[in-house]
Structure formats: C-alpha cells, structure tokens
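Protein chains in written order, with this note's numbering: chain A, 1 to 251; chain B, 1 to 251; chain C, 1 to 300; chain D, 1 to 300.
Certain hints may be false.
Unchecked claim - Here chain A is said to cover these stretches of chain D; the calculated rule only asks that three of the stretch's residues, wherever they fall, bring their Cβ under 8 Å from a Cβ of chain A:
| no. | region |
| --- | --- |
| 1 | 64 to 74 |
| 2 | 236 to 246 |
What the hints assert, rightly or not - In silico DSBU-like links for lysine-lysine, alpha-carbon gap of 30 Å or less:
| no. | chain 1 | residue 1 | chain 2 | residue 2 |
| --- | --- | --- | --- | --- |
| 3 | A | Lys121 | D | Lys136 |
| 4 | D | Lys67 | D | Lys255 |
| 5 | A | Lys168 | D | Lys136 |
Bear in mind the hints are in silico, worked out from the structure with no lab data behind them. These numbers were taken from a predicted model, which means no experiment stands behind them. Heads up, the beta-carbon is just placed ideally off N, CA and C, and yes, glycines get one too.
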Amino acid sequence: MNYNNAELMTVNAARLLRDGDVVFVGVGLPNLACNLARRTHAPNLVMIYEAGVIGARPSRLPLSIGDPCLVSGATAVCSMYDIFSFYLQRGNVDVGFLGGAQIDRFGNINATVIGDYNQPKTRLPGSGGSMEIAGWANRCYIITPHQKRRFPEKVDFITSAGFLSHRKEREASGARGKGPQGVVTHLGILEPDENGEMVLAALHPGANIDMIQQNTGWEVKVSVNLRETQPPSAEELRILREDLDPTGIYI
Amino acid sequence: MNYNNAELMTVNAARLLRDGDVVFVGVGLPNLACNLARRTHAPNLVMIYEAGVIGARPSRLPLSIGDPCLVSGATAVCSMYDIFSFYLQRGNVDVGFLGGAQIDRFGNINATVIGDYNQPKTRLPGSGGSMEIAGWANRCYIITPHQKRRFPEKVDFITSAGFLSHRKEREASGARGKGPQGVVTHLGILEPDENGEMVLAALHPGANIDMIQQNTGWEVKVSVNLRETQPPSAEELRILREDLDPTGIYI
Amino acid sequence: MSKLHTLSEAIKKYVHDGDVIYAAGFTHMIPFAAAHEIIRQKKKNLTVARATPDLIYDMLTAAGCVKKVIFSYMGNPGVGSLRIMRDAIEKGEMEWEEYSHFGMISRLQAGATGLPFMPMNQTGAPSLEKANPNIKRITDPFTGVEVIVVPPLNPDVAIVHVQRCDKHGNSQIWGIVGEQKEAAFASKHVIITAEEIVEEDIIRSDPNRTVIPSIIVDAVCQVPFSAHPSYTQGYYDRDNPFYLAWDEISQSTEKIQNWLDEWVYGVKDRDEYWEKLGEETHNRLKVSPRLSSPIDYGDY
Amino acid sequence: MSKLHTLSEAIKKYVHDGDVIYAAGFTHMIPFAAAHEIIRQKKKNLTVARATPDLIYDMLTAAGCVKKVIFSYMGNPGVGSLRIMRDAIEKGEMEWEEYSHFGMISRLQAGATGLPFMPMNQTGAPSLEKANPNIKRITDPFTGVEVIVVPPLNPDVAIVHVQRCDKHGNSQIWGIVGEQKEAAFASKHVIITAEEIVEEDIIRSDPNRTVIPSIIVDAVCQVPFSAHPSYTQGYYDRDNPFYLAWDEISQSTEKIQNWLDEWVYGVKDRDEYWEKLGEETHNRLKVSPRLSSPIDYGDY
C-alpha cells in the first residue's frame, strides 16, 4: 500500500488518541488525525478548537481555526477567555497538538523568532494558544516532518515548554500538564525518557536509526524498547483520502 | 392630597434619578422609584438587577430580585460574575440603591449582624451585592424609615462603606464610587457634607428638625441650605397606585 | 456515552456525608428536587455553599443534613428572614463562612478557571475582611494598589437544574444564568437535573446556548418541575405563596417536621410531589409561551 | 436614544491619530469595512491590538496607519505569514508587544472588568516573560505559588461587527464569540457595525443572546458584509481564495498599492466594495439557512 509522509504522520498521530479524550485540535494534520481517530477507534473523542468551539462535527475540511463549519452543529461555543480558562487552565483538556519551527532535545518548541528577539532574523507567528496548550493539556503531541533544521539541540526561544532542560525543571515550573508525550515525524516517533529527553521510541516501516540521526540536531538516544509502527491500513487511508481530505489539501 | 410614608419616600427617591442613568435596582421601593422615574422625567433610565438582568421592562411587580418577569422582554441577561465585574466594578453603573438595618452618621450601613459577629445577637441577611454597590456605583441612595434604632451614631458592622469615619478615609480606601449621596426617609433627606457626615438637607412637608433629631441617634447637623421637598404630585401617586403597585404590596 | 440516572441513583453515587455541595441557581432553577432527595437519603455533615441559601438550604438545615454554610445573602427572597439557618447561627449550632456576592462568585470563578485566587477591587467596607481570614490583600505589581483576593471554591458536587440537555449532559439554560456555569466547572462532580432531555440535534442546533458541556457532567436526571417552589424560565412561575407560607412554617419545629414528613419523607420522588401539589397549583404556576426570535447559523 | 451613524461619521468621530484601537473578532466577523474607512481617512500612528492581526492589520500597516501592534498570533490563518507586518518588524519599522493568546485575552478581561491585573497559571515557558516587561509574577497569598499577571488593556476604541443590533446598540452575536464582549467593555469608545439593525423587540425576544449592551456603545452603523473577506456566521462564508490571494499580493509593494487603490481608496464605502466584488463572489459566499431551535422565555 502506498502512502505519503503526511498520511503516515496523520495515521500515527490518530493512533495516539484514546476513546473519550478531550482534544484541543489545530487545523491541518491534527484536525485530520482527530477526525480519523473518531471514525476508527475513538468514536467518543471530543474535539475542542481554540476559537471556543466544543464537540465540533465539521461537515467539510476546516480551512482555518475559526471556520464557520466548526460552529454549525457543534455542542457548545464559548468565548476565548472561557476556552483558555474554564477548559484548558482548569484541566479539562486531555490532549493538545502542537507544531512549531523548531523542536529541541527536551521537547521545547520555538514558534516565535529565529535569531535575536528584538532584532529578529525571521519573525514567526508567535505563540497563539500553544504556550497554554503545552503547559496545561494533560498530554501533548507534536506532528512535524523530520528535518535537521527543525530539530536543533536547543531552541532560540521557548515559545512552549517541553521539559525545559530536564523533566525536573518542568515539574518545578508549576505547569500542570505532563508535557510532550510524543513527536510524530515522517521517520518515527520520539518520546520523552525519565529525564524528559526526547529519544527514539518507534521507527516507521522503511526508516532506520541512521536516517533519524542524520535529520536530528543532537545525538539521539534510542529507547531500549524501540518498536516499529504498523503501516497505515487500507481503511485508514480510505477514510483520509475519500472522506476527510478528498481534494488533497493537506495530504 | 393624602399619601403614606412609603409613597412619600418612593416619590422622593424617584426624583433623585436623572434621565439616562444606569441604575442597579433592588426589589421593593427602589424598584417602584425607578419605574416611577422612567414613566415621568427619566424615560431613558436603564434598570439593572443584580441577578444579571439589563434593561428590564417587567410587566408585573417583581416579587424577588430574580423574578422571571424581569427577564422576559429585557435587553440583556448576563451571569452574576459579569454583572458584578463588567458592569459594576468596571464603572458602568451610575446609581445604586441600598438599605440595611442600621445607617450611621457617615452613611455606613450594617446589614450583617447586631452584636458580636461571632456570637450574634441578631443575625441579619448579610451583604449580598450591597458591599460592591456601595463601593462602586457612582452615586448611592438609601431609602429607609426614619427611626432611632436604624440611625445609630456608629454601626456595629460596616457591611457597606459610606464615608467610614471621614470622606478622606473613604477616598483613601480606593473604592471607586462617590459614596452615599442621599438618605431618603419619611421625614426628609440627609446628604453628606464636605467631611462625609450625613446632615439634614431637606424636610418633607409637615416634618421639622425636632422630629428628625428625635429619630436619629446622633446630633444631626442641619445644612445651611435646608430645603423643603415638594409633596408627591397627583400624577406621581396615580402611577404608583394604579400602574406600579395596584394591589398595594409595597405602598 | 449516556449519563442518564434517576435522581435517587445520582444522589446516592455522588453525594456523600461530609461533602461540600453547591446547589446552583440565583433565585432561578433552584434544584429543590435534589435537596429533597438528599434529605430522604439522610446525608449528614454537609457543607452547603450558595450565594443565597434560600429555602433549599433552610430545608436541608431543618432536616439535619448541614454542618456548615458558605454564603453571601441569607434571606427568604422578597419575604424576610431565613429562620431555620438564622436560628442555628444565633444558637451557635452551625458553622458559617461569609462573603459579599462578588466575593462568593469570585471564589467560584477562581475554582472554575483553575486559578489559585481571584482579585477584586476594594469596596472600602472593612468589617467582613476582618471577620473572614479567607479574604486577603495583595499588591498589584503594576500600580502598587492593593486588591482583595479570595481563594477558589471547589465543591465536591454541583447540582444544577437546566431547561434542556441531551443524555450526555450538554446543557442549555436561559433566563437568569447566575452562577450555574461557574459552579459546574468549579466542582469535582456535576449532577444535572433537567426539565427536558432532548435529542442531541436540538442542542447542536444552537451551540451558543450551551452553558455546561458534557465533558464535566457525571449524571443527567430528567426531573420536571425540579425547581418548585422556585421557577424555571419559560416552564413555570415561582410559587410565591409557598415562599410566604415557609415564613410561617419555619417558625415552629412541629410545623417544620410535619412539612418534611408530608412533602419530603412522605413522597417517593418529584413526580409524586408534583402530583400531590394538585391541579390548582399546576394551573397557577403555568405560563403562556413567549418564544425567542430564531437565528441562522448557516449550513456550511 | 438612537446611536445610528454612517461608518464614515463614526470613524471620524471616534478614531483619532495615535489611538489604541481593537478591531475585535477571532477569525470571525472581523470588521474589515471599518479598517478600510480608517485607511481612507488616513489615520496615523495607531496602536493596533488584536489576538490575531490577520489581514485587517496587514492592510492598515500597508496603508501606513500603524505605529505599533499588540498581538498573540501573527499569521495569515490557514495560509502562512502575515507578510507586511512581519516585514515591518524584521526591518525594525514597527513596534510590537507580544503575548500568548491567554495573556492577550487576560489583558482584555482585566480591562473589561475594571481590575488592575489578571492572574494566569504558569505554563513553564520562560522566553516571552523575559522579553515583555508587562508580564510579571506575584505570589498567591493562600498557597505561596507564583502566578503570572498581566495589566489591563483599555483601548481608546473597540470596533465590533455583529449579526444584529437595535439602534441603541444592544448587540447579539452567535458563532465564535472570541473576545468581542471583552474588547467592548475594555474600551473607552465602542463602534458597532452590524449586518442588520433590527427592532428592539427582536433583541428583547432573546435577552440571553445579547453580548454587548447599549450602555457601552457610542455608534451603531449598518454595514452589511462588513466582515468580508472573513465571514459572518449565518450570513456569508469566508472568502478563502482572497486569503490565498493576499499571500501573493502582499509580496509586492506595487501589488499592495494597486490593491489599496482599487479596493479601498477607489471605492466610497462598503456597499460599493461589495457591488464591485460581483455576483460570482456573492454567490460563492452565500450559505443556506440552518436555524436554531427556538426557546420559550414565558410570558410572565
């Protein structure tokens, strides 16, 4: 069965979701992953969007985080203040998806700036809600292509907290969530070890440790329980291609 | 023209309202006073109830602060948190009406307890919203019968701030509102002087300074501009008796 | 996942002796049916929190369920004193903790939003701050001004009556929306009593109307007329004569006991209670319809 | 009192050079018509605050109206970079002040509720706190835990687009209700643009739907399709091809100027702009109706 990198990442992200999870969804691949999970093993997934939409059942592929198709037919809508406080800060969100220009060895994310903050070489969009999602969702997952420039040993700017310099440092910070539980790339999955360092936990079919190392900016440790992921199934690919993104916008 | 004390107080309270005022209304006489003002000189009065109702147009006499007749036909309803913060604390309320078991020389109100707080002789209802109304409405008015036990020199417990021990003490407290601007009784009206002391500013027809003094627990000062109020007009009484409280619940 | 329970099951499962409970609803949709079930199940040593204890907590106190009350206005609204609780406080038989309305609701707001405190501006009134060690001051680091802060209130159980919800607990409320949302989000468990359990489609036809989402709800109970003698906007009126009658009943231990025997212990559930109230009362509390102008969400 | 104005009058009267403005609406009901009018009136040195500057502030920046931006996510939503603002920052030509979404909305919440600061729990992320002196810490007096605090944001003018309001400014919004309420209450002046000005009776038929009350509104302007190229729930869809086109236009100074000349300076008002968009666009953005299930307030 043929599949591309976006499909591979989406399917693997979907599998990390549990039935009944309350997920803070972004647009793009996280949205596809959540909808895929809902149609397969997690029918009771509750999707929350940072624009304040709860229990969305979008009838088309949302093109932005505030697409009106998210509201029509949702179970609830609330204000931005409420979604970040009553839902996220209060601890009512199980899973958050994150992305960013850079992810480092301890899962910290930079989505703000390359170079000096005050005289930026490249000005990126900034946090949006990701600082709070990374801090307060019970579990976070990151979906990103595996490229060396995206995986520096240390990010220039910590927009969203991973484990900072060590799991203990995150715990001392008072952030309520457990931090990044997985980085899903097109080569495999990194997961935090007992120190909060992101180590290679799974390889996708056809990938190997060398490929991971060549595309990562630090000496990647390999889990003693390194596993191989199951390739996307025909059914997973059918749902993605036929139902969720039939015009191929994201996959 | 005959009228009773409740009518006299209600009419005089109504006259203190200005067209366009946003008023935090209570049930009972304040509600009658506001509705009377709206039907006479203040058609643009906006009535807010602490239950979170804005622009109420009750079709019957509300029997409690949360009567459903306040909601049907109102312009807006909001939560308790919002009414106290977005409206009152933010400074969007011009006038508040207050009552209480005791009002003292500096307009401080006790609605909490007679005797020791921890071993109360008489346990009263407590603040409700009156602590915030007294603190934050631009102007406050108190409607109460004039009786010695209601006007001690110093209240046992300051539930709601008047001018504390002096106008300067209130100003130093950081409370944003200007404090009690008038105490309307069945004998006359007390108003604060430059020190924040409540002094006799107006007598109702038939009342005199002696009557005031005999019914007040401190040596009442008399304003140099002591005035006499106009008796309730036939039209004011007609609206009260025929339209607003036809079964005589409050008047 | 359906969360449907009978009210009796829900109270059995989620209300325990010694719990802090918050029966929500500011003068509106007060969940009396749940309180009566708590009385029938003889729960003890409860801490009962509400801005306005109202008759609902006077009844719980009369039945011996209450150890402590947390409140901001203790009165029989529009009538006078809340005699049973007042008496218990004056006799030193009940603990209490007191706030202003905004203090009380700020505690819920902190609890509901996961904050360790909520700030409030100063009101100038000093006495309650001296009487309650839970009311503290901190300094605003931007201006140096002092503000009042109160800690979060996180009850064990919130009981919320709503007009309509689906079987998952997605609940829609209109009319006075006092502190239902805040109480639900602040609490560890949430019991919903509803006038109507509707199809999910009805809820999804107007998502902006949803105040409490399923994800924080534990039990959904269909209990029409749950709020009597208070009211439910659009469903029935407040039974004002009963509020007046309570002022009379609550002056005598014997009358209180007789009332509890007849109207709480003597009935199985709210259906029986409502039937017992009789047709005259049913008709008196009926309201004619006044519908909202519909809105268009668009079929995107 | 009627507060009806033309949009041109309202902008003339309430937006001044050097003002802090907040054009509200999180991806939804973004008041583009008002921004275009600000450009036509050549306002200068504005500080423009919005969680998501979106195309609306990119356009204001392109037209030379902006001195400073206060924001939390600077992107072309679903497309990519906000090129003009990004370029101005990278070249050091524009001041900026940055928060996370919750920091930004907490500033509005403090401003709207009259508080000197709002607390937020810690997120663990250190860098923005170091970069922005408006992000401070204080200690919770109850637990000793440190919380983050931000000061109030009180713009000179909030501009809010709504689905329907009456001539007094009582405004009802549905769909995403991002920060419209908070922006309006936080600001010294409020300009409402509305798809429809309706009779007061319509508003009063559903008071729970009212988000912004007349008492804080200065000007009410009837401006259908004000939110294009963003959308208004139930009225029209987002013009996604335009969001994509802007990515192209905003790469060239010449194209930007041509676009401003044709679509802003070259039209008198929003009606002319909408006509100019043409029937094909009108039809493409149309949505079929999907009505809310009505509710009953009761005729008390």
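In terms of beta carbon proximity below 8 Å, does the region 236 to 246 of chain D have 3 or more residues touching chain A?
holds (count 4)
Is the straight-line distance between the alpha-carbon of Lys168/A and that of Lys136/D 30 Å or less?
Judged against 30 Å, a Cα distance of about 23 Å means the pair holds.
Please work out if Lys67/D and Lys255/D have their alpha carbons no farther apart than 30 Å.
It holds: about 22 Å lies between the C-alpha atoms, which stays within 30 Å.
Check the hint pairing Lys121/A with Lys136/D against an upper bound of 30 Å on the C-alpha distance.
27 Å, holds
Verify the coverage statement for the region 64 to 74 of chain D against chain A, using a C-beta to C-beta distance below 8 Å and requiring 3 or more qualifying residues.
holds (count 4)
Hint violations for this structure: none, all hints satisfied.
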